[in-house]
Amino acid sequence: MSMETREFLSAARIDVGMMTAWIEAGWLGPHCKSEEFLDIDVARARLIRDLTDIGVNDEGIPVILNLVDQLHGLRRALHEVLSAVRAQPETRRSRVSRPDSPY
Amino acid sequence: MPTDPYQTLGVSKDASQEAIQKAYRRLAKKFHPDLNPGNKQAEDKFKEISAVYDLLGDPQKRARFDRGEIDASGAERPRQRYYRDFADAGASNPYATDAGFADFGSADDFFSEIFSRHGRGNLSMRGGDVHYNLELDFLDAINGGKQQLTLPDGSALDVAIPPGTRDGQVLRLRGKGRPGIGGGPPGDALIEIHVRPHRIFTRKSDDIHVELPVSLREAVLGGKVKVPTPSGEVTMTVPRWANTGSTLRLKGRGVPRPDGSRGDEYVTVKVMLPEKPDAELERFIAQWHPVAAEREREATGG
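Order-wise, the sequence lines are chains S and E. First residue of the first sequence? That's 5 in this note's numbering, and the numbers climb one at a time after it. First residue of the second sequence? That's 9 in this note's numbering, and the numbers climb one at a time after it.
Don't take each hint at face value.
The calculated label-pair distances, taken between Cβ atoms and stated as ranges, are [unchecked claim]:
#, chain 1, residue 1, chain 2, residue 2, range
1, E, E241, S, K37, 57 to 65 Å
2, S, L78, E, S213, 53 to 61 Å
3, S, R97, E, D214, 52 to 60 Å
4, E, D175, S, A29, 53 to 61 Å
The set of hints was computed from the structure by calculation and includes no laboratory data. Remember, it's a predicted structure, so these values are computed and weren't measured experimentally. C-beta atoms are modelled at their ideal positions from N, C-alpha and C, and glycine is treated no differently.
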């Protein structure tokens, strides 16, 4: 589901200037240039706004965004690995969780 | 009963606005849900801090609270959806990155597979493919060339027909489909070719088959005749006694192939009597008494 600029701005509680600057800086994805926003863009814009409120400066924002995105990438990968492990029979699962176990 | 907002921030009641902001920042840094994905407590704590800061961070609201005009809780805001709620979703996250484990993905493809499965493609979506039908004359399909396709919106699309194009073949015009979404590449135009039948040629694979009417005289004595091929007339020698049904091959006169070679043309002889009765031929045949005709008919089951 995508939304228009006005809707995005009011949901993210930011102004056009911030939006433009953030897209320009690459903090918001290039797909935002076509003025089609996703729910995740609202959430990301709010995060950026929160980070600014906390006192993170313009240099710090992309560093944090990048790390947060990496963290989510890792979380997803870990989640996949865990589901894969959970799908295994109990004996194999315990081999993963307790490699020293004789089973 | 909501706890004392000043206590939540850990400041005294007479703290300056600066001190309140400082306290908020210190706690927010610690508890922001996006800096603590997977930690529910942090989210609750952050909500509390945010609510308190909404109140105390605004000098007017703070003054009203201090005067007892409003209470600390205020109206419950609808649950804010944090970045992590979407970022963890995976499939629709355009900001997804495998940078955090790209270095150990190379050894086995397990991780890269996880990633490719979970999209990242959604950031910018490729436009859809559009299907068209194009009817071609038999020879245009075989010899190739440029054709124009008129689109529903009235615009024209130039289609290069490669030599040897088959009936039912689908030509792909890259980037001529629907425009991409969010800066994504456009889709392709897929053009299905329909080849009209030809009056005299038929096509089997890369070979052309044609029936060649020859006169009685040519059939009996042999000789040079002109034969149509898809690329123009050629002269062919018909051997003596070329009966109806006998097939001659014109090598390399068939359908062009992508590698530059060509199929063959197969010419099937069809002996034709003159269209109008010919008195001279009748006289000649009357004097001719073949013995084999009856037997031949029996042999062919006629």
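Hint check:
1. E:E241 <-> S:K37: 57 to 65 Å: holds, 60 Å
2. S:L78 <-> E:S213: 53 to 61 Å: Given range 53 to 61 Å: holds, Cβ gap about 55 Å.
3. S:R97 <-> E:D214: 52 to 60 Å: holds, 58 Å
4. E:D175 <-> S:A29: 53 to 61 Å: holds, 54 Å
Checked against the numbered hints given earlier, the structure satisfies every one of them.
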